[in-house]
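There are 2 protein chains.
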Amino acid sequence: MKEKLRAHIENLIPLTDAEFLHILPHFSFEKYNKNDFLIQEGEHVTNCYLVVSGLLKLVYDDKNGKQHIISFAMEDWWESDFSAYFSQKRAKMSLQCIENTVVFSLSFENYKKLSAEFPKMKQFFLEKSNSGHIASQNRILSFLTSSAKERYDQLLKQYPLLFQRVPRTLLASYLGVSRETLSRLSSQ
Amino acid sequence: MKEKLRAHIENLIPLTDAEFLHILPHFSFEKYNKNDFLIQEGEHVTNCYLVVSGLLKLVYDDKNGKQHIISFAMEDWWESDFSAYFSQKRAKMSLQCIENTVVFSLSFENYKKLSAEFPKMKQFFLEKSNSGHIASQNRILSFLTSSAKERYDQLLKQYPLLFQRVPRTLLASYLGVSRETLSRLSSQ
DNA sequence: AATCGAATGTGACATAAATCACAATTACAA
DNA sequence: TTGTAATTGTGATTTATGTCACATTCGATT
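First to last, the protein sequences are chains A and B.
Under numbering that gives the first Met the number 0, the first sequence has 50 at position 51, and the numbering climbs by one with no breaks.
Under numbering that gives the first Met the number 0, the second sequence has 96 at position 97, and the numbering climbs by one with no breaks.
Keep in mind that the hints were calculated from the coordinates and are not lab data.
Note that the coordinates shown come from a computational prediction; the quantities given were computed from them, not determined experimentally.
Yeah, the Cβ is synthetic: ideal placement off N, Cα and C, and Gly gets one too.
Just so you know, not all the hints are guaranteed correct.
Said to hold, decoys possible - Selected chain B positions facing chain A (in silico; Cβ < 8 Å):
| # | residue |
| --- | --- |
| 1 | I69 |
| 2 | E116 |
| 3 | F117 |
| 4 | P118 |
| 5 | S135 |
| 6 | T144 |
Claimed, not checked - With beta-carbon atoms standing in for the labels, derived distance ranges:
| # | chain 1 | residue 1 | chain 2 | residue 2 | range |
| --- | --- | --- | --- | --- | --- |
| 7 | B | L11 | A | H43 | 17 to 27 Å |
| 8 | A | E29 | B | M0 | 48 to 58 Å |
| 9 | A | K33 | B | R5 | 29 to 39 Å |
| 10 | A | L20 | B | T168 | 52 to 62 Å |
| 11 | A | S106 | B | R5 | 28 to 38 Å |
| 12 | A | H43 | B | A134 | 19 to 29 Å |
| 13 | A | L155 | B | K91 | 13 to 23 Å |
| 14 | B | D60 | A | S182 | 28 to 38 Å |
| 15 | A | F19 | B | Q163 | 47 to 57 Å |
| 16 | B | A134 | A | S182 | 28 to 38 Å |
| 17 | A | Q187 | B | K3 | 27 to 37 Å |
Generate the whole structure from the sequences, applying the supplied hints.
In structure tokens:
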């Protein structure tokens, strides 16, 4: 399984065997079951996660008790409540399994160590952060420029598998529409 | 004016005089007039910008010719079409002056040099990217959880000055509502 | 196979926001 | 100073989406 982590990193930054050997112990390999929480709102956020297999949802619960999906995290995605992670505060969001999920977990402490001791890893985190930033900006753009129907079509086109793996209610929440509206969009 | 750049960097990462002396020449100091473009859609994006004074808008023009404001860039903000900048492609967005604006400009080449030669600068860029990512995610969250009126109130509270500096049409476009709706929100 | 609960679809209606049209105001250049 | 264009406000109407209610389907468990 370590090979998956190595392949993931080397997809951006080539590593020597020796380097990977030093890097690996900073991560911990963990398995979770469907509905388990990796992060619960209000807790201190000490880890971020690389999804090896399975599916997570990053959720914000508003004052009215409504759930809002900020993102789904699939294989090869990094996820956490990054705002809380980087500032070492309590989570405003929850990270929960939609399916049984396998992850590599990285504590903030080890994140700092890796960044400080391995320029390549700092480079890796920088590139990941840049692409995360760009992905978020694209999502903002789709809210600004697209109707609910268009956002639905974009999502269906970009992640067709998601529609088999995720209940409609969650897809609706991710798209920012009610589940009834989503149901009507899908029959148009 | 270089002191402004130094103060901006040192706000995150302390530098020695010698370090700053080496870093400074990687930036170029530039002045633009109201309505000037720093980036035009379709051009190669070779620079990102730190705003020293003035105000920029990052704009996406959709197929119907409608403008959408992805962000405003004020003093102390970094802005570019980062998607195009990091991948060295053509701009999908434009970056234009709302007011006369003074910036430090950083070419992608120099960005790479700085990152490679100064671990502190790589750290600086990493932290900036992280906070940019988080800011974008918060904006997504406000689209998911808040009505137009609530987004209006949030913006007014967070950046009250913006309402004196920016035409309503642009504020509306940033909030993702029509200018008529914005006008009605502001009188409620 | 039968049963229960969760997920989904759909009709009726309410509400929010877009659009269109035009008036009023402001900013700016000749 | 005047005239022109850009900006803003507001009414009337249309459209998109939310909300509520209920029926249907699907899936897991016994």
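To see whether the hints hold, each was checked on the structure:
1. I69: I69/B check passes; min Cβ-Cβ to chain A is 6 Å, inside 8 Å.
2. E116: Constraint on E116/B not satisfied, violated at 11 Å.
3. F117: 11 Å, violated
4. P118: Holds, about 6 Å.
5. S135: Cβ of S135/B sits 3 Å from chain A, so the hint holds.
6. T144: It holds, given that the least Cβ distance between T144/B and chain A is near 5 Å, below 8 Å.
7. L11/B with H43/A: 17 to 27 Å: 23 Å, holds
8. E29/A with M0/B: 48 to 58 Å: 50 Å, holds
9. K33/A with R5/B: 29 to 39 Å: 52 Å, violated
10. L20/A with T168/B: 52 to 62 Å: With Cβ atoms ~58 Å apart, the hint holds.
11. S106/A with R5/B: 28 to 38 Å: 33 Å, holds
12. H43/A with A134/B: 19 to 29 Å: Check passed, 22 Å falls within 19 to 29 Å.
13. L155/A with K91/B: 13 to 23 Å: 22 Å, holds
14. D60/B with S182/A: 28 to 38 Å: With Cβ atoms ~33 Å apart, the hint holds.
15. F19/A with Q163/B: 47 to 57 Å: 55 Å, holds
16. A134/B with S182/A: 28 to 38 Å: At 33 Å between Cβs, range holds.
17. Q187/A with K3/B: 27 to 37 Å: Between Q187/A and K3/B, where Cβ atoms are some 53 Å apart, the hint is violated.
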